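Going down the list, the protein sequences come from chains A and B. Throughout, the numbering used here is defined as the position within the first sequence, counted from one, plus 3. Throughout, the numbering used here is defined as the position within the second sequence, counted from one, plus 122.
Misleading hints may appear alongside valid ones.
[Unchecked claim] With a Cα cut of at most 25 Å, we get these calculated DSS-like pairs of lysine-lysine:
(1) B:Lys184 <-> A:Lys105
(2) B:Lys179 <-> A:Lys175
(3) B:Lys184 <-> A:Lys47
(4) B:Lys184 <-> B:Lys210
(5) B:Lys130 <-> B:Lys210
(6) A:Lys100 <-> A:Lys47
(7) A:Lys101 <-> A:Lys175
[Said to hold, decoys possible] Covered stretches of chain B (in silico footprint by chain A; criterion: 3 or more residues with CB under 8 Å from a CB of chain A, positions within the stretch not fixed):
(8) 208-215
(9) 250-261
By construction, these hints were calculated from the structure, which means they are not laboratory data. Quick caveat, the model's predicted, so the values are computed rather than measured. Every residue, glycine too, gets a C-beta built ideally from N, C-alpha and C.
The residues making up each chain are set out below.
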Amino acid sequence: METKEEMTQPVIVKEANTDFEVRSLDTICINESRIEHSWWHLLKYLVAGLLFGILLVKAEVISWFRIQEMFRLQSFHMYGVIGAAVVTGMISVWLIKKFKVKTIYGEPIDLHPKQFNRGQIYGGLLFGAGWALTGACPGPLYALIGTGATVIIVTLISAIAGTWVYGRLREKLPH
Amino acid sequence: MQFLEWIKQPWPWYVAGPLIGLVVPLLLIMGNKSFGVSSSLRHICAACIPADIPFFKYNWRKETWNLFFVTGILLGAIIATQFLNSGKPIAVNPKLVSELAQYKIHNYSSIVPVDLFNWPALLTARGFILLVVGGFLVGFGTRYAGGCTSGHAIMGLSNLQWPSLVATCCFMIGGFITANLILPAILSL
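Take these sequences, add in the hints, and give me the full structure.
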């Protein structure tokens, strides 16, 4: 089973390169590690997500009210959170590059450029509209369910359906 | 005790913002992972309903970390709500309060507007558009754009990617138009 999966790997890579920008559009499979881990190594991402979830709730960035304030320029809060996060992220990435920081497994950290396509404009506008309606981007959808707003399960399923329909129509959409 | 009281209040932007930014190096150092949440929706499609669509034919098992990450988000939100909750109503700009009062939205006890987001509301035109159509646009739009607030606005900008700046600007334009010009009509339904 393992060897079979290994053998199919190069095929998948090749397929993705010919298939319009699958990998440059997002982060699918580009952070491949050569190291094989047991499943419990993934628990550290659960912990990272847990901390991120607490931050999302306590910063109130998952609140529909905060999103409405942002899009009406009635509060600096959201701009402050996103702006401070971007600046912190920029400094971190700059430091990682400068000092060639490695992962905890000693592997070099790869950062991948994003290629421009018109989907970023059309899709960006559509997502912006969805953000204003639901007051949530994908991360907050998960967080909102955790806060007890169980009806957001429907919104999450609808978002999965939206992603699926995009995948289905992808070839026909302008990029 | 004072710290516990403080931590239960909403966290100001200059505390929460930098901490959210630190998720970027945390994931990179943990295992070379680029911060991004919307891909999880794609992995769920690939795992559950690939339907022979090329976009969903990839080895999603290699991306399981992302599903662990979003499960963590859900658990973190439960912890924050159960144990770090001040119990106070959410403080909103008075201008927004008076605007929303026109649409009979008065309940600020929860992080979401309970008047809009509840199970019976799904059967109303207003609730259906906000919850179902809105959710669809989030899923469709983020994948079309190749990322969301985390993948483009935070991770992409951190890595100085100009396509991410284009995407982020478009998120904002789409949101401004919808919130100011379209949402009032929906809330009036």
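Any hints from earlier that this structure breaks? Give me their numbers in increasing order, please.
4, 7
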